[in-house]
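As a plain string of letters, each chain reads:
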Amino acid sequence: MNACPDKAHLVHALADGELDAVNAQAFEAHLKTCPDCAAALGELQALRERIAAPQLRTPAPAALHDRIEGMIAAETERPRRRIPSALPWSLAGGFAALAASLVAMTSLPSTTGLADQLVADHVRSTLAAHLVDVETSDRHTVKPWFNGRIDFAPPVVDLAAQGFPLVGGRVDYLEGRVVAALVYRRGKHVINVFVRPEPKGLRLPVGRAHDGYSLVRWTEGGLEFWAVSDVEPRDLDALKQDFIAATHG
Amino acid sequence: MARILQFSTVRAKRPDPSAGRALPPTAGRRTPADPPPLSPVEAQRFRALVLPHLDAAYGFARYLTRDAGQAEDIVQDAFLKALRGFAGFRGGDPRAWLFAIVRTTFLDAVRARPAWAEPEAAEAMPSEDDTPEAALVRQGEVATVRGAIEALPEPFRETLVLRELEELSYRQIAEVTAAPIGTVMSRLARARQMLLASLSEEAAP
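Order-wise, the sequence lines are chains A and B.
In terms of this note's numbering, the first sequence has 192 at position 192, counting the first letter as 1, and numbering is strictly consecutive.
In terms of this note's numbering, the second sequence has 140 at position 140, counting the first letter as 1, and numbering is strictly consecutive.
Source of the hints: derived by calculation from the structure; they are not laboratory data.
The structure displayed is predicted, hence computed values, not measured ones.
Straight-line Cα separation of at most 25 Å, SDA-like style, residue types lysine to any residue; simulated pairs:
#, chain 1, residue 1, chain 2, residue 2
1, A, K7, B, R171
2, B, K81, A, A74
3, B, K81, A, A73
4, A, K7, B, S198
5, A, K7, B, L196
6, A, K32, B, A189
7, A, K143, B, A109
8, A, K7, B, S169
9, A, K240, A, H210
10, A, K7, B, Y170
11, B, K81, A, P61
12, B, K81, A, T58
13, B, K81, A, A63
14, B, K81, A, G176
15, B, K81, A, E77
16, B, K81, A, G148
17, A, K7, B, S200
18, B, K81, A, I150
19, A, K143, B, A112
20, A, K7, B, A189
21, A, K32, B, Q193
22, B, K81, A, Q117
23, A, K7, B, R190
24, A, K7, A, D36
25, B, K81, A, E69
26, A, K240, A, D121
27, B, K81, A, L131
28, A, K143, B, G69
29, A, K143, A, D158
30, B, K81, A, R57
31, B, K81, A, A62
32, A, K7, B, P155
33, A, K7, B, A174
34, A, K7, B, A179
35, A, K32, B, L196
36, A, K7, B, A197
37, B, K81, A, G70
Label pairs and their calculated CB-CB ranges:
#, chain 1, residue 1, chain 2, residue 2, range
38, A, H248, B, A87, 50 to 58 Å
39, B, D55, A, Q241, 47 to 55 Å
40, B, E201, A, C34, 25 to 33 Å
The beta-carbon is built from N, C-alpha and C at its ideal position, and this holds for glycine as well.
Working from the sequences, and respecting the hints, build out all of it.
What follows is the structure in structure tokens.
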């Protein structure tokens, strides 16, 4: 681009449609007598055509659209008439479940019970295409991944031999705090193990079943563990025993 | 055995999965410190004014981060900020307003993770989700131009992308990048010069 030095910015402004009528006319008159400026404009227009290829623009993935729609719903005030949060929804119909979980999430009061939150986090992880942040069955990859993301070090064990293969790890939110979530599988079922420093003070007991999900709690080394899943409670008990045994092994 | 089966079902990963998620998945969860939720009317307004620019915001974030996963994180976090700051949006151009939030979110993420800003090799390789035809196209003209844009240093890259790909006016670019219009014009001219130089280099034998 070798336009006249004092006119270089005019070449761009004209190509970008940023010149007013008077200046545009004056510059166009100059172009007729100045081959350098005309060549510079031609070069610029050719470049702009190459950049105009539609493949250079990437639309947002559908999953991102869905997550942001869900976020808007979650950030919107609940209507006066509340839908009961304990809707008996099943996971069988994907869309029905997603809609129901959004309803459940938006209708939860902010001081919702711990069991509600645990189940909501679990359901969300299985629906929102965000099961794990770090996807690996190698516990030596998962454990360091948590460094710097949370301020405690959760034990990570692989329980594939016991029938609970490790899927990966994720950071999640529980009672307004970042916690670690370890994800295991039992057959086709997902098990979330939430780990956080053991909270101080008296805690209300939380039932072992909630909205059709099983919950199992244990503590170890100053950390509190919550296993949440739609598997049978006895499977979660087995996971708890295996987890504790593996951390001591 | 279970482990082997597990591996076969694991989907292909990005080269560095740990770099992909710098932002905690705060989406949709409210903590006591959060601002009050939007009224249904405001939420509707947000859907009408801001949501239509999601694709554009993602496109912008793609060129800022040069990584699909990071772009998703940036856009998701930016939308949460936009939602929670929507009360502070008083008319004006919603696209420029959203882009400014995307840009700030990206700069904050870069401050937390300087590795993001490094001008690593532009993503000219076919990605996993490409169809064979798309892969062929990518290796040709489009990949060349994309690579050349991604190789531009900042602030020239963002200026060029906002003008050429997002079709913002000089005034809107000035608003998004918090720079005077004169600066926007000189950055744009310089960006195009660099792009022209690198593309004609490509064409030369």
